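Chemist: Sequence:
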Amino acid sequence: MNRLSRSLIILLLALLLAGGLRSVIFAQDVDPSAGDSPQASDFFFLPYVAGGQDLPTTLPPLGPKEPKDATAFTKALNERLKIELPFDNTQAFTDVQRGLIAPLPTQVISTTDGSGVAWDPEKFSFITLDALAPDTVNPSLWRESQLANVAGLFKVTDRLYQVRNADLSNMTIIEGDTGLIIVDPLVSVETAEAALALYRANRPMQNVVAVIYTHSHVDHWGGVLGVTSQQEVDNGVEIYAPVGFLAAATAENIYAGGAMGRRANYMYGTLIPGGPRQGVGTGLGTTISEGSNSLLAPTQTISVTGETRVIDGMTFEFLLAPNSEAPSEMLWYMPELKALNGAEDATHTMHNVYSLRGAKVRDALAWSKYLNEALDLWGDDVEVLFNMHHWPVWGNTEVVNHLEIQRDLYRF
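With the numbering used here, letter number 232 in the sequence shown gets 244, and the count goes up by one each step, no holes.
Some hints could be false.
Per label pair, the in silico range of CB-to-CB distance [said to hold, decoys possible]: (1) W406 / R212: 20 to 30 Å; (2) G126 / E348: 38 to 48 Å; (3) M279 / Q109: 21 to 31 Å; (4) P347 / L93: 38 to 48 Å; (5) M279 / P98: 25 to 35 Å; (6) D100 / N384: 23 to 33 Å; (7) L89 / G391: 29 to 39 Å; (8) A104 / D420: 16 to 26 Å; (9) Q242 / A88: 49 to 59 Å; (10) A143 / Q312: 43 to 53 Å; (11) S315 / R92: 46 to 56 Å; (12) P347 / A88: 50 to 60 Å; (13) D81 / R321: 47 to 57 Å; (14) L89 / E244: 45 to 55 Å.
Keep in mind that the hints were calculated from the coordinates and are not lab data.
Fair warning: this is a prediction, and the values are worked out from it, not measured in the lab.
Glycine residues also receive a C-beta, built at the ideal position from the N, C-alpha and C atoms.
Model the full structure from these sequences, guided by the hints.
Modeler: Here it is, written out as structure tokens:
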């Protein structure tokens, strides 16, 4: 047994002890230090089992202690923010509701095996668009949570749709000439399947012809088996991803996945009940789904900025953005729609550059340069910006202004 094999066995044992995802895609005989890159054939599924049972993925209920009210100091700070911040700007409240076709059904989305809850659409139902911020919550965070909690199927522009707040991230659906191009199929199989079902219930086109991963974080690929299958990929469904995707996805979500998953529970407050003195959302969305994760290896790799692909009749002009919000990430422009996908590099927040869960530190300077490059490439023509979290921005002036603010935010 060589050193690498022993290391992989030790790693597997550590993952088994740490718990984490219900199943893990495990790389065999890959040595990153030697410059190896994982290939599709290097991976297989290993379920986490202990005595024949899945390891628990939730903690026991909290004890009898009730959450506390805000202190006088916190209340005073929150009141001051209501004066200092521009709450009279309500454009986002209009934009977040624009194009609504159908609301997300309110019934709980159960896990595939029926043993738990993958997604509860009503967890944050107390956060409505007209609800005043309680004195226990930073009013800016409350505003962000109000906007992020709007859920349903939305038309962004012709042939471009999003399902929002069916998970932490958005699932974007592009109508090609013959079928659907799915962008970022959420965290869990169950939520991705429900999101696609909502689209199919309201639009005529049904079959999936391609999937695109914008970047390597699990909330942008974990539900892929809810929208397609390995058999469909074998029969011609293409999966597009930026160069380095598979290595980055496995390094962060598999090798370090157990520990990172537990830190994420603390970081996002996943196990905290919703309430004005408890959980009110994560900023990027409401919370993270607790379903089954999956991964299908890319069949097509985008290798350089400027690469153009025609996918089912739609033109995609790509801009690679490695080591921005993720180690492997890409943006693109669709000239037929004048639509720019900002991936997770231009959301409606100041994104963290150091994630408490232990993801790689982001290069804020490089991040700002990618956004500036997007402005140089497409700033004169773009009419809509859609991201993989939050709501779109419409209008050339508004899109350019948003990208400039985001660029400067990360640069300075």
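Chemist: So does D81 sit 47 to 57 Å from R321, Cβ to Cβ?
Modeler: holds, 55 Å
Chemist: Please test the hint of 38 to 48 Å on the beta carbon pair from P347 and L93.
Modeler: holds, 41 Å
Chemist: Given a hint of 16 to 26 Å, does the C-beta separation of A104 and D420 actually sit inside it?
Modeler: The hint (16 to 26 Å, Cβ to Cβ) holds, given that A104 and D420 are roughly 19 Å apart.
Chemist: If you check the beta carbons of W406 and R212, does the distance land in 20 to 30 Å?
Modeler: Holds - the Cβ-Cβ distance for W406 and R212, about 26 Å, lies within 20 to 30 Å.
Chemist: With 21 to 31 Å as the target window, see if M279 and Q109 comply at their CB atoms.
Modeler: holds, 29 Å
Chemist: Note whether the CB distance of P347 and A88 lies within 50 to 60 Å or breaks it.
Modeler: Holds, since P347 and A88 (Cβ atoms, about 51 Å apart) stay within the stated range.
Chemist: Does the hinted range 38 to 48 Å hold for G126 and E348 at CB?
Modeler: This hint holds: roughly 43 Å between Cβ atoms.
Chemist: Just tell me: holds or violated, for the beta carbon distance of M279 and P98 against 25 to 35 Å?
Modeler: holds, 28 Å
Chemist: Range hint 29 to 39 Å: satisfied by the CB atoms of L89 and G391?
Modeler: The hinted range 29 to 39 Å holds for L89 and G391, with Cβ atoms some 38 Å apart.
Chemist: Check the following: the C-beta atoms of A143 and Q312 are separated by a distance inside 43 to 53 Å.
Modeler: holds, 45 Å
Chemist: When you take the CB atoms of L89 and E244, is the distance between them in 45 to 55 Å?
Modeler: About 53 Å separates the Cβ atoms of L89 and E244, which means 45 to 55 Å holds.
Chemist: Against the range 23 to 33 Å, how does the distance between the Cβ atoms of D100 and N384 compare: consistent or not?
Modeler: Given a distance of about 30 Å, which is inside 23 to 33 Å, the answer is holds.
Violated hints: none; the structure is consistent with every hint.
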